[in-house]
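Enquirer: Sequence lines, in order, name chains A and B. Counted the way the numbering used here counts, the first sequence spans residues 1 to 659. Counted the way the numbering used here counts, the second sequence spans residues 1001 to 1099.
Calculated from the structure, these hints are not laboratory results. Heads up, a few of these hints could be off.
[What the hints assert, rightly or not] Partner residues are not named here, just some residues of chain B that face chain A (Cβ under 8 angstroms, in silico):
| no. | residue |
| --- | --- |
| 1 | I1016 |
| 2 | G1018 |
| 3 | V1021 |
| 4 | L1022 |
| 5 | I1091 |
| 6 | D1092 |
| 7 | N1095 |
| 8 | L1096 |
| 9 | L1097 |
| 10 | K1098 |
[As the list claims (entries may be wrong)] Away from chain B, derived, C-beta distances all over 10 angstroms, residues of chain A:
| no. | residue |
| --- | --- |
| 11 | W53 |
| 12 | L63 |
| 13 | V212 |
| 14 | M222 |
| 15 | G415 |
| 16 | E529 |
| 17 | G542 |
Note that this is a predicted model, so its numbers are computed, not measured. Backbone N, C-alpha and C fix where the C-beta goes; we use that ideal spot for every residue, glycine too.
Below, each chain spelled out in residue letters.
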Amino acid sequence: MTSLVTASAAAAGAGPAYAWLLVALPLLGAAVLLLGGRRTDSFGPLLATALSWASFVVALPLLFAMLSRDPSERAVQHTLYSWIPVGDFQLDAGILLDPLSISFVLLITFVGSLIHVYSLGYMKDDPSHVRGEGRELTEWETSREPSDRRRFFAYLNLFVAAMLLLVLADSYALLFVGWEGVGLASYLLIGFWNQNRAYATAANKAFWVNRVGDMGVLAAMMAMFASFGALDFATVAESAPEASTGLLVLVGLLLLLGATGKSAQFPLQSWLGDAMAGPTPVSALIHAATMVTAGVYLIVRSAPIFDSAPTAQTAVAVIGAITLLYGAIVGLAKDDIKKALAASTMSQIGYMMLAAGLGPVGYVYAIMHLLTHGFFKAGMFLGAGSVMHGMKDEVNMRRFGNLNAFMKITWVTFGLGWLAIIGVPPFSGFWSKDGVIESAFVGEGIKPWLLGGAALIGAGITAFYMSRLFFMTFHGKARWDEKEYHPHESPLTMTVPMMVLSVGSAALGLILYFGGFKTFLEPVVGHAEEHHPVLPVPVIMGLTLALVAIGAFLAYRQYAAAEVPVTPPEGSWATKAARADLYQEEVNRTLFEQPGVALARGLDFADRSGVDGTVGGLSSWIASASSSLRRLQNGLARSYALTMLSGVVVLLGAMWVMQ
Amino acid sequence: MSLVNYIYLSAILFTIGGATVLLRRNAIIVFMGVELMLNAANLAFVTFARMHGSLEGQVIALFVMVVAAAEVVVGLAIIIMIFRSRRSASIDNVNLLKA
């Protein structure tokens, strides 16, 4: 990347003054599409796509301007306006452009724009357009149909804007606005086909599980505000080293809770599989390439806190290691192509979390794996969408097979993504994942052996399940009915983004590794001292590649060379457990849902019998007492007069007695 | 003649007035009962003023007369309006305030 420095001389001096456009452009798109109503039906999707690209175009000169500056002066902060001024307390909304955020901005705008283009083709025959097949459409359906696509693009734009706000924010408070924004967009898009009840439930589930994580971020912000008095990254980074370790560990663990929610890490991983209910481009953009990596961004952005709180840092690495194995094991047994990819996403983000929990040694590999993963996983999701497009939305891989003969472009692009994710050199996944595995082996005592071992085994399992996915889909005997299915290649709007992403899957690792990404990121994440893994680097690399080769070979033997049964075999207890997502639902249900429901019932009972009983009893007693008092009001003026007279007599009598 | 006799007379007049108000139905008669009570009170005021040799009681008696005159005007007007609408001056028939 340093080689670009010379090319950027022309753009030198361009400050971040117009960086707000990055967020504003897609936000404008969302506003126009949502407020414009059906008037924007005809041009809305194109406008949204154009604005997303415009955001990318704005990002380019910012990158060049940054590269033209000295590495120590690359981070620029630009205050937009005073957000919350209260007495002595000032909270400004500002943009922080540094090597870390610009990397994210480029990933989000580039992959996001490609997926906008892809969606133009993919959503063309959105189920909501064809759901009237075989019957007359009702007036309501006709009125809704065209607007659905516009709504989809509006949400996509909203997502891009929120995600950019998340990574560009210069304080935790503004980051949280973006954080909630992407959560909202994710919810809206998972439930995009909300006429299907299960999909709407999946959206709710994602939203609720994320709330748990958001509570963590909120609590972390409160703790930071209470002790540092500010929420902007600069002040927090300045005060963190002097703060007490206990506080830092607390803040770190709370931030980790937030990250596990957003990034579908153990123990808040259960929503990601169901989130595949959304349209495939959404799965590619939000639930593979960008939003789910926000947790990793949060951890890396909070490096000053985690570096001073080793306990919290270890917790991050352990969560990462657990999730990478968890996702890999679940991925082994899934027959739904999107759910298998979702499990793989979970596992790959586990790698990133593991790296982010290793300190300065790992940060750079976490971000690098995040970027390469953004390309190859988005590419594979788009490939899966292309397969579904040609196979009437079939997702069961046992019904695929031999599709390489019908979808050449999808096959090749997906194949490049597959080679990248299993870490075959020189494809991009190799460079980043190998870096993660090597860093996991750095350290003393038993920790490097456990973390490194998990990463190593994870690489082998990844190779097996991704090869299984690839071979089951594209190779072996065709297991679909030729009369029913007519597989065909997707239109250019879909294949071109896939091709671009597959180029990224193939080459991005090389570019980042040899282009000096490590030194580029150093000003933000700190310099890592020379480190030596507990095993020699060539041994680690050799072991990784050997495991990958074994995994891929086993998958080939079982799923390409041999016949794949169309109905899934019963399987051992382990297979059953993996198919059931290692019983995550059951665990959640027993640990959280049932006690929660019991508590709610108890509270309801106490409320109804205790509180309502007291209040209701009192009020009904007063009501009955006053209805008997009411009879005194008989309307006879003479009896009123008698009452008054007796009152006066009683008063006078009382006064007389008292005297 | 002792001044106390005036007080006795005042008490007797007040009792007659109160009994009239409580026992008679005709609104005009009731009204007269009220007037009788007011004047019994006036008599008591004047007597006490005389007893204590101060003028306050006499002044208050004048005030009561003025207020009573005003009240008669309003009260009779109300009674006439009720009589016009109900064709009756019995106060037991005017019971719309019954709960």
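Enquirer: Each hint needs a verdict: does it hold in this structure or not?
Expert: Hint check:
1. I1016: violated, 14 angstroms
2. G1018: Interface hint status for G1018/B: holds (6 angstroms vs cutoff 8 angstroms).
3. V1021: With a minimum Cβ separation of about 5 angstroms from chain A (threshold 8 angstroms), the hint on V1021/B holds.
4. L1022: holds, 6 angstroms
5. I1091: For I1091/B, the interface hint holds, since the closest Cβ of chain A sits about 5 angstroms away, which is under 8 angstroms.
6. D1092: At about 6 angstroms, which falls below the 8 angstroms cut-off, the nearest Cβ of chain A leaves the hint on D1092/B intact, so it holds.
7. N1095: Where the cut-off is 8 angstroms and the nearest Cβ of chain A is about 3 angstroms from N1095/B, the hint holds.
8. L1096: holds, 7 angstroms
9. L1097: Holds. Min distance 5 angstroms.
10. K1098: holds, 3 angstroms
11. W53: Holds, because the least Cβ-Cβ distance between W53/A and chain B comes to about 77 angstroms, which exceeds 10 angstroms.
12. L63: Non-interface label stands for L63/A: nearest chain B Cβ at 83 angstroms, farther than 10 angstroms.
13. V212: holds, 57 angstroms
14. M222: holds, 57 angstroms
15. G415: holds, 89 angstroms
16. E529: Holds, because the least Cβ-Cβ distance between E529/A and chain B comes to about 91 angstroms, which exceeds 10 angstroms.
17. G542: Consistent with the label, G542/A stays out of reach of chain B, its closest Cβ about 98 angstroms off (over 10 angstroms).
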